[in-house]
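Asks: Line by line, the protein sequences give chains W and B. Quick note: the first sequence, position 12, residue 12 per the numbering used here, numbers continuous. Plus 1000 on top of the position in the second sequence (first one is 1) and you've got the numbering used here.
FYI, nobody ran anything at the bench for these hints, they're computed from the structure. Errors might be hidden in some of the hints.
[Claimed, not checked] Incomplete in silico selection of chain B near chain W, CB under 7 Å:
id, residue
1, Ala1007
2, Glu1008
3, Pro1065
4, Leu1069
5, Leu1072
6, Asp1075
7, Glu1076
8, Gly1077
9, Glu1080
10, Ala1138
[To be verified] Computed Cβ-Cβ distance ranges for the label pairs, DEER-style:
id, chain 1, residue 1, chain 2, residue 2, range
11, B, Leu1103, W, Gly28, 41 to 51 Å
12, W, Pro59, B, Ala1111, 23 to 33 Å
13, B, Leu1069, W, Asp57, 34 to 44 Å
14, W, Thr19, B, Ser1038, 47 to 57 Å
15, B, Ser1038, W, Thr8, 54 to 64 Å
16, B, Trp1091, W, Val43, 48 to 58 Å
17, W, Leu16, B, Arg1136, 20 to 30 Å
18, B, Leu1014, W, Gly40, 22 to 32 Å
19, W, Arg58, B, Glu1005, 22 to 32 Å
Just so you know, even glycine gets a beta-carbon here, dropped at the ideal spot from N, CA and C.
So the chains spell out like this:
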Amino acid sequence: MSDTLLNTLKDERERLGLTQAALAERIGVSRKTINTVENGVFVPSTILALRLAAALDRPVEQLFRLADQ
Amino acid sequence: MNMVEQAERQGRALAICCLVLAALLLLAEVVGSRLLHSDFADGFWLGMALVCALTLMPWRRWLRPTSSLNRLLDDEGVREHRRMSCTAGFWAALLAALATAPLAHDTILAAYDVSRVVATAALVAAMIAFGTLELRAAR
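Chain W with its partners taken away, still in its complex shape (with noise of 0.2 Å):
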């Protein structure tokens, strides 16, 4: 099984016309953050991928999926 987490998170932020920042100031993190997790390079926690997912009007398995699924 792959441990490699893949993400929308990009496409569903520009559906809404927000920027990084605007998305970090939604749910309280830094932009670096939301771009590192946008990027692959940092798996965030369950608690901020429900954030995002609530931000973005989503379910968070829209936004997040593994590699091999």
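Given chain W's structure and the hints, the job is docking chain B onto it.
Replies: For chain B alone, kept in the frame of chain W given last:
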């Protein structure tokens, strides 16, 4: 300027500060142990080491945990970078200790010098790792 932009600016300043402090600490160690044996050089190294150690700690969050800015400056991403940089510091300290152990055994290096080398290696590795990770994330 909103809170996220303030955090961005302060985070970048802290990352650059980490790299500068790492360079100064390394310089203080090299100059103090090789060229200038004096109480001032020893005191300067100790002061730099303490400042470096403090820089790696989330003391702002500890002092004012309710501040929104401090929460952004110590969010999940920054905590992960701090954890990774402390791991880098641990391995650097271990390598430095293993490398200097034979020299201390043969009394080529005094215990004080060994402890300085180990502490410098740990702090410099951690500071460089933290500064680099933060600057890369801020791109």
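Asks: All hints, please: hold or fail.
Replies: Status of each hint after checking the structure:
1. With a cut of 7 Å, the hint placing Ala1007 of chain B at the interface with chain W holds, because the nearest CB-to-CB distance is about 5 Å.
2. Taking 7 Å as the C-beta cut-off, the interface hint given for Glu1008 of chain B holds, the closest approach to chain W being about 6 Å.
3. This hint is violated: Pro1065 of chain B has a C-beta 14 Å from the nearest C-beta of chain W, more than the 7 Å allowed.
4. About 10 Å separates the beta-carbon of Leu1069 of chain B from the nearest beta-carbon of chain W, more than 7 Å, and the hint is not met.
5. At a threshold of 7 Å, the smallest CB-CB gap from Leu1072 of chain B to chain W is about 5 Å, leaving the interface hint in force.
6. Annotation: interface hint on Asp1075 of chain B holds; nearest CB of chain W at approximately 4 Å, less than 7 Å.
7. Satisfaction of the interface hint for Glu1076 of chain B is found here, the shortest Cβ-Cβ separation to chain W being roughly 6 Å, below the 7 Å cut-off.
8. A distance limit of 7 Å between C-beta atoms decides the matter here; for Gly1077 of chain B the minimum to chain W is near 3 Å, and the interface restraint holds.
9. Interface hint at Glu1080 of chain B: satisfied, since its Cβ lies 6 Å from the closest Cβ of chain W, which is below the 7 Å cut-off.
10. A least Cβ separation of about 5 Å between Ala1138 of chain B and chain W falls short of the 7 Å threshold, and the interface hint therefore holds.
11. Look at Leu1103 of chain B against Gly28 of chain W: about 50 Å separates their beta carbons, and that is inside 41 to 51 Å.
12. At roughly 59 Å, the beta-carbon separation of Pro59 of chain W and Ala1111 of chain B lies outside the given 23 to 33 Å, and the hint is violated.
13. In this structure the supplied range 34 to 44 Å is violated for Leu1069 of chain B paired with Asp57 of chain W, their Cβ-Cβ distance being about 27 Å.
14. For Thr19 of chain W and Ser1038 of chain B, the Cβ-Cβ distance of about 53 Å falls inside the hinted range of 47 to 57 Å, so the restraint holds.
15. At about 60 Å, the CB distance of Ser1038 of chain B to Thr8 of chain W agrees with the hint of 54 to 64 Å.
16. Separated by about 22 Å at the C-beta atoms, Trp1091 of chain B and Val43 of chain W break the suggested range of 48 to 58 Å.
17. Hint check: Leu16 of chain W to Arg1136 of chain B, Cβ distance near 26 Å, so the stated range 20 to 30 Å holds.
18. Between Leu1014 of chain B and Gly40 of chain W the CB atoms are about 24 Å apart, so this pair conforms to the stated range of 22 to 32 Å.
19. Between Arg58 of chain W and Glu1005 of chain B the beta carbon distance is about 26 Å. The supplied range of 22 to 32 Å therefore holds.
Hints 3, 4, 12, 13 and 16 from the earlier list are contradicted by this structure; the remaining hints agree with it.
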